[in-house]
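Participant: What follows is the residue order along each chain.
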Amino acid sequence: MSILTTITPLGSYRNDSPYPFCPGCGHKSILDNLNAALVELQVDPAQTVIVSDIGCSGLSDQYFITSAFHGLHGRSVTYATGIKLAQPELTVIVVMGDGGTGIGGTHLLNAARRNIGITVLVFNNFNYGMTGGQHSATTPTGAVTSTTPGGNPERPLDICASVGVNGAGYVWRGTNFDTDLTERISEAILSESFALLDIWELCTAYFVKSNQFTRRAIDSTLEELGFETGVLYRDGRPEFTVAIREAGLSSLGRPPDGPQPIPSEWTAQLDHPFLIEMAGSAGGRVRSAVRIGAIAAIKSGLYASQRDDYPVTVKTGHSLSRLLLANRPIDYAGSEQPNVLVVLTDDGYRKVAKRAARMTGDAVVYVLPEFSTIDTPARVVVLDPATLPGRIGKGDLALVVLAAVVEHSGVIPIEALRSAVAAGPFGESNLAAVAHGVALAAK
Amino acid sequence: MRELTDGSTAIVRGAVDAGCNFFAGYPITPASQILTAMTREMPKRGGVAIQGEDEISSIGMCIGATMAGARAMTATSGPGISLYSENIGMAVMGEVPLVIVDVQRLGPSTGGATTAAQGDIQFVRWGTGGGYPIIALAPSTVPECYTLTMKAFDLAERFRCPVFLLTDKELNLTATTVDIEDYQRVEVRPRSRRSAETSIEPPYSYDPPDAVGAVATYGDPAIVRFTGSTHDERAFISKDPATVGALNEHLVAKIHAHQDEIDLVATDLDPKATTAFLSYGITAGSMREAVRIARADGRRVSAATVHSIWPVPETAIRAILEGHDRVVIGELNHGQYRREIERLAGPGTEVIGVHRNDGTLITPADFLEVLI
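First to last, the sequence lines map onto chains B and U.
With numbering that gives the first Met the number 0, the residue at position 158 of the first sequence is 157, and numbering never jumps.
With numbering that gives the first Met the number 0, the residue at position 8 of the second sequence is 7, and numbering never jumps.
Chain U with its partners taken away, still in its complex shape (with noise of 0.2 Å):
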């Protein structure tokens, strides 16, 4: 059976699956239809949505409300996301567990807000200060934007942290023909937080630095101290260097030591193919269509689809730039996700961007230009 649905509602239906019972969020195109949809499934699910007077606000009542035991997420695009830079900071500090939805839009600053775009790419990896590393989530398609919502909450629980979903204007807004078997549940882990019994530990652990510890929780039967600035286990401020050198220590190798548990990448490969395309997001549907097109036309090509864009699957994309000749990045920026592959390309491998700033989307054609 289909239906015909957008990427707003995908990412809304996954995001009730996972158990999300918070959301708050400010009107911004195109990320609006999820905080309206939102305000109408949270209360009938016993959840709270609430627009709040600005982007602060909305990420601010995410944070707060996740450290009383809610499942939150917020949405909103660039300009929102700028909003949000210290309090994503602050999650990442303070090691709450939050989806932060970034439907991309042509920018900089206020730029095009009904054009699509994937301008955040290298915004959302460092989009606030201090150094940290962040996971970033990026579905092609709707039922993508299901699954991967889905997957987005089960790693902020797993690795306690904030996690992005990017999407974009086309992907959010454009309707289309699912077969409804496709959207594919995640498993969403529950909240590993302090027992009655564990009430008295501290809410945070370093050692061994990639530990994840268990979440205190408003409510608790026992204290629950946070905090945003350095501090040590027990969520006192702190600047001891062993302390300090702990904790950020922590915060990086919590995701990096574990990344097998976060890479996603879809290969598509031709072992005789010399080239391969690559992308993500709404790009990857153009790739794909101009791999078929190829194909038909007895040309061989690989290609790649990367869902999990941070922490970049360098084994997984590696493998594909040992195995080609060329690889042919194509995304709606001037380059942003080029330079990882670039970086991770040895002399034998070419690496070719295929790039438009121009508010339309990169064509099958614009791929199969640099086949020929």
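So here's chain B without its partners, still in its complex pose (with noise of 0.2 Å):
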């Protein structure tokens, strides 16, 4: 076998070794229309890739001069969206038979929504050719296989039918009889879209054995079935590699996601780390507030960090945020005993309620009014929003109470937490959170 060294144009694209095909396999029949393909387009060959995967048809791309990727079984379409993507002037032509159909479904009818520009040839001959004739998701219903004995009880998946409605660029279904087989793979090729062709064919080692199966039998079959042949389905829409890169571009403006400096303009006394625990709901804001405290932490020259705990559901449950704030970098964050509890809701205090009770007398437990009497041995503080000017939305509270603890705790300045609410999108209504809990911790 030789690899080659010269460019087009091309007489043939096979190589000089036979094909290991059964007689009478259409398979031959198919790579011939391919290679003929290949030659009316004159493709270059190193520019061009036969994706195969697993089955008598996965042999196919070592009988080829171009570029070859042979992967896993069904998921040859995956590989040849990954080349594709990365080098959309490539010409990418997936082989794969109809097991390959069956296991990798799922990738066929998302490269067909996508309209990625690859062309797919399916080696459609209802049954595995190369494992022992078994039943595949084409087979004919009542047909006899090595897995079903008594006649195929499922019914044959429409492939063309399955990727048409989900928007491929290009469908045709018939069989490697048919005279414009090559015709239409230069066609689907030159689509520079998703391509598929649905190609049926006879495996004479086992399907045409098993069901006295002939080449009458697939236009009855196809009869049957109801299923057309043909060009079926032509989608215009832009090509994938194209608008996923015109998509990105639209996100170009937002700015670079590198480190984002916070200054340390305040001083905050600390000798010992110091652990914050919000207690509250989904959707509280209360990460958050404690995304600025630790902020402010880090202005006052301390080290902080942010250790969350929420239930995989978004908009409902507790939301627990943990602020650690020390004087040199944090290698653990992971402690469960707060110097400071603040309890905003009853989703929040279900989850934090053994904790409270085991806390110690030199702890400090800030509470709304309705929490005022838990069982905890710490220093209780009760805090009553009612108290102030105006309702306090559910989304500052966080903030509102995280302020109030702040000024009265002293644990880092609150001139720090005013710095770092002001610089965010909602710097006008955070400072005015913060103005409120300040007043708070005031009564």
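Check before you lean on any hint, since a few could be wrong.
Unchecked claim - Which bits of chain U does chain B cover? Going by a derived footprint, with three or more residues having C-beta under 8 Å, they are:
{"#": "1", "segment": "0-8"}
{"#": "2", "segment": "48-56"}
{"#": "3", "segment": "164-174"}
{"#": "4", "segment": "276-288"}
Calculated from the structure, these hints are not laboratory results.
Every residue gets a Cβ at the ideal spot worked out from N, C-alpha and C, and that includes glycine.
Please dock the two separately framed chains into a single complex, following the hints provided.
Facilitator: Encoded structure:
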């Protein structure tokens, strides 16, 4: 076998190895039609990648002097998609069987939906030839295979309809006996869209023998199923490698995501790690408030970490956020023993009730009035937002209470918290929340 | 100057600075932040990030893109590694440079999506069929997430293989204060590629067994072949025992013969200590805190953080074992790495495991308890 060194024009894209297929197998004629199409298009063999997977059709790429990728069963479309995304100018042709179609069905549907510019040739001979003639996703109902000895009870997959209704750019169904197959393969490649050809053919080793199947039987099966042939779908949508790059360009206005330095402008006295835990509900902006607290701590010359705990649900359930403050880098942020516990909601309290009961007398629990009788040996400080002028919104409560805790405990300067909240897009309302918190602490 | 950031962000920055220009992944807690950030970062740099229809397609696209010249990364958690399994084997067999981030969560199965664990240690080692060596790095701090991501890309190019970055929910999602100068850049070598002059050379090399051939990339002037099946140096399928034997010998030798280029263990030794702590990943942070507390208390203890989990850095670990009467290994699993330490320990060294499997972190007190 020779590795090609000179490029186009080529009279053939086949190497000198004979095909390994059984006598009468359709694979040979499909590959001859593919070769004829490549000759017709005069593609550059080095810029053309034949992607195959497993089964008899998976042997195909070795008989061509083009680039090739021989991958896992049913996953050829994923490799082809990656190749095409990385180098859109390549011609990428997938060769797969009905076995690969079944196991990798989702990849076909999604490739069609995306309209990624690859051409898929399905060598559809209704069974698994390499592993002993088992039934596949396209085996006709009633057909006998090694795994349907009493006749196939399943309905065959309509490959063309499946990819066609989901946006494939070019879809054709026919047989390897069709005289226009070369032309259709060329057309598919030239369509520069997701193109699929469902090519029905005979497996002489198994399916023909078990079912007395013939070329004529292919036609009658198509007719019984009501499966049309010819070019069935065309879609002129933009090809995916173009579409994804255009969509990506529209996000270019965003700022770069490099380090975001926080200058240290204040000082805080802290001789041991100090953990503030806020226990609230999802959607209550607990984590946002604690993040602001962490930034304020860094502005105060401290090290801070924010460790959150929340269920997999989004807008419901508890939201715990732990703000650990220290005067040196934090190696361990996992402490479960807060110096200050803040209870905002029932959801939060349920998660920290045991912890509250285990706290020591030198710790402090800040609570809203409804939690003033909670079971804890810690000192309880009740904060009542109802004493403030105007109503505090649910989304602001966490920040209001955090500001009250900062002011009351003096753990970091309140100016640092003001500076931290002022920077964001909600600066003004956040500053108002901090002012409310300071007022609350004074009461 | 300091900033507030998390491991996910540091991994993304490390990938970007390593020249990563292709990312494919499927949403999964606690790795989704990497997917969303890469989706934002890649287009700015002329790269592509895509959400695959599943994990299988995500790693498949990464492998295809790498073979077309991209520098690719994917990220998932334990359940996703399960689905990557078959393609990991193919990337090993086809010698595909690729970085795979495993943000571990509590298992088995779907386990606990938002709970910490280090339960995939042996899984990434043996996660696909056939037998093969792998490389896995484990950062224990946010700056190390940045540095070791870059290192993972470099090792992937050096050894032409997938490299795992093992992190966990706590490291990736806990925001912490980082001194910006602690982000250490690593030089990521360019891909060794066939040149126009050498483009007719085979894309693989098995002689000598430890040599790594230049990568052939689709789009090269001459044709490029790739296969996940046993193959000769030209990537044609082969079952010839001499060829297949040489291929498999090569896959092992290329990594094991050059382990000194991979081994990364940070030691903090006290020559008078009889006990050494040893850990990796998020648990190494608890260990360092325990060491600080112990020493402040006048107690003698050594410590080692293993950054290159696989292959096991045996030379460094043996030295620690030989220098101490007791080695205490802390990890969030039932002792997956302890068995590697026990395997290396002589009769004079006791190996003690500190383990948790309840979603909470091993505490400094857990380490200190052993010291008493």
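Participant: Closer than 8 Å, Cβ to Cβ, for at least three residues: run that test on the segment 164-174 of chain U against chain B and report holds or violated.
Facilitator: holds (count 4)
Participant: Are three or more residues of the segment 0-8 of chain U within 8 Å, CB to CB, of chain B?
Facilitator: Check passed, 6 qualifying residues.
Participant: Using a Cβ cutoff of 8 Å, are there at least 3 residues of the segment 276-288 of chain U near chain B, or does the coverage claim fail?
Facilitator: Answer holds; 4 residues pass the 8 Å Cβ test.
Participant: Test coverage of the segment 48-56 of chain U by chain B using CB-CB distances below 8 Å; three residues minimum.
Facilitator: This one holds; 7 residues, not fewer than the three required, reach chain B with a Cβ under 8 Å.
Checked against the numbered hints given earlier, this structure breaks none of them.
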